[in-house]
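Residue numbers (my numbering), protein chains in the order written: chain X, 1 to 337; chain C, 338 to 566.
None of these hints come from the bench; they were simulated from the model.
Careful: at least some of the hints might be erroneous.
Unchecked claim - Here are the simulated lysine-lysine pairs, DSS-like style, with alpha carbons at most 27 Å apart:
(1) C:K508 to C:K467
(2) X:K38 to C:K469
(3) C:K467 to X:K38
Claimed, not checked - Just so you have them, the derived chain X footprint on chain C, three or more residues with Cβ under 8 Å:
(4) 401-413
(5) 430-440
(6) 443-450
None of these values were measured; they are calculated from a predicted model.
Cβ atoms here follow ideal geometry from the backbone N, Cα and C, with glycine treated the same way.
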Amino acid sequence: MAADSAPRSRKPDPARGARISRSPWREQAESYFIHHRKVAGDSAVRMWRTPVASLMTWTVMGVALALPVALLLLLTSLQGVSAGWESSARVTAYMQLDSSLDQARALASEVGSDGRVAELELIDRDRALAEFRATSGLDEALDYLDENPLPHTLLITPEENARSADGVAALVTFIEGMDGVERVQVDLGWLQRLNAMTDLLARAVWALAILLAAAVVLVIGNTVRLSIESRRDEILVAKLVGGTDGFVRRPFLYTGAWFGLGGGIVAWILLQLSLWWLSGPVERLAGLYRSDFSLSGLSIDGGLALIISAMLLGWLGAWVAVKRHLDDIEPGEIAGG
Amino acid sequence: MIEFRQVTKRYDSDHTALRQVNFHLGRGELAFLTGHSGAGKSTLLKLLMVMERPSAGEVVVGGQVLNRLPRRQIPYIRRHIGVVFQNHQLLFDRTVFDNVAMPLEVMGASPRDAGRRVRAALDKVGLLSKEKMNPLQLSGGEQQRVGIARAVVNKPPLLLADEPTGNLDPKLSADIMNLFAQFSQVGVTVLIASHDLALIKEMGRRTLTLDQGNLIAGGNPLQGGSGGR
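So here's chain X without its partners, still in its complex pose (with noise of 0.2 Å):
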């Protein structure tokens, strides 16, 4: 039997050779290509079978997203707040009541000539109390005063570069030690204080952020798992018939990612719902507070790194699945006792 049909046997060999060599690398390529493709249609199809279930996955990826990503916006936003009345930092220098006009004006133009100065504006002591009676409302009270208790007053503005919190201290000092100076002022304390609670804020969020996408992974994960479940009969077969770890992956690494893209969009849908919902009492706030504050929304560059973020971590989220459950599916048990 082994024997006639030994001279038949060679047919196949031949076969696959000639099948290899004219498959060359281009056409291999452009299978594998078409195979990706393929499998990524058929992952998102297998999604969209099932709308209610996947849509709610995308919903738990959008608000967990949404989350961190809204308080990193408000953080930008405060953020700044901070850096626009960092650049309006004015200080202000009061004189001695009893120094003159001339003092008060060579004073100035001392100050005027430093380099870190930007500008420079001298309040005499009669056009600062013209601007008290004006402003405060005090006109009655100001007439019982024998004599003007308002010093001449200069408003520096920094340079630019000496705009830090660490700049604008050492030119207090510097006018702090200058003749006729009584005293410096600059309401840089409340700023260190924003910035220290911006910081700190900014911590937390990214330890939000990074539990989040932790949760994240772990919802994907799981629903990852139970798609493996589902697909096990399929998962045997195209390891029977010799399909490799990656070919075997490659559907549900697929479908993480899908579940990322939908719940991507989903976060910034609602970003920008809440941000909408959000803008009219936030101008109303900061008008009251005469602030140009306002909250700054997703550009479109910002969104769609959100969404890739998104999908890079279903992917990631499915690749932990995939590794954990995939390997103890292997067809041993198919063939029976």
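The hints should help you fit chain C onto chain X, whose structure is shown.
Structure of chain C alone, referenced to chain X:
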């Protein structure tokens, strides 16, 4: 094509499935593997599919010793082995065509090439007209033929069948056996595990008989030749 050299497979609990099995199957040879249940037929097939590794001895397929094969190489060996199961292992969420195309998809064949080869395989088993149907719509015999088409679609040099006629009536069983005989005629080595003794007798081919893990009949016809190697 296949060679077992002193192969022993022992499972943990003192259960020895195969004891020092020796045999050799040449290219284009068709042989039956028989024995009562639990005699070790499935274990022998699993060793060939690298689902299990032998406890001792060597399993050689196509000149490659499977014992030392790294795990990542296993898929590439399986691409050269077609397997037919008693319960078909067809997927009911796709058409007959897509079921048969799976081995080609796994290999990364181009869709054009795959289409041609799937139709050739379906034509061979006489199911070309049913390529768009779901396997659930087919009869048991037809499902088994779809399984065979899937096993041979990438023209493997080795075809294994585990009770391929287990659920079929004698007429259908004979048809399936004829298909296997045709494959062996074009050079495919075919090993069929079966306990349908009547059918085996009718076919009149070489028969390997296992009893409690021992190969008691049908071992190497050329004992001296391969035993020494």
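Verification of the hints:
1. C:K508 to C:K467: Holds, at about 21 Å.
2. X:K38 to C:K469: It holds: about 18 Å lies between the C-alpha atoms, which stays within 27 Å.
3. C:K467 to X:K38: Holds: C:K467 and X:K38 sit about 23 Å apart, inside 27 Å.
4. 401-413: holds (count 3)
5. 430-440: holds (count 3)
6. 443-450: Our answer is that it holds, as 7 residues pass the Cβ test (under 8 Å) against chain X, meeting three.
Hint compliance for this structure: every hint is met.
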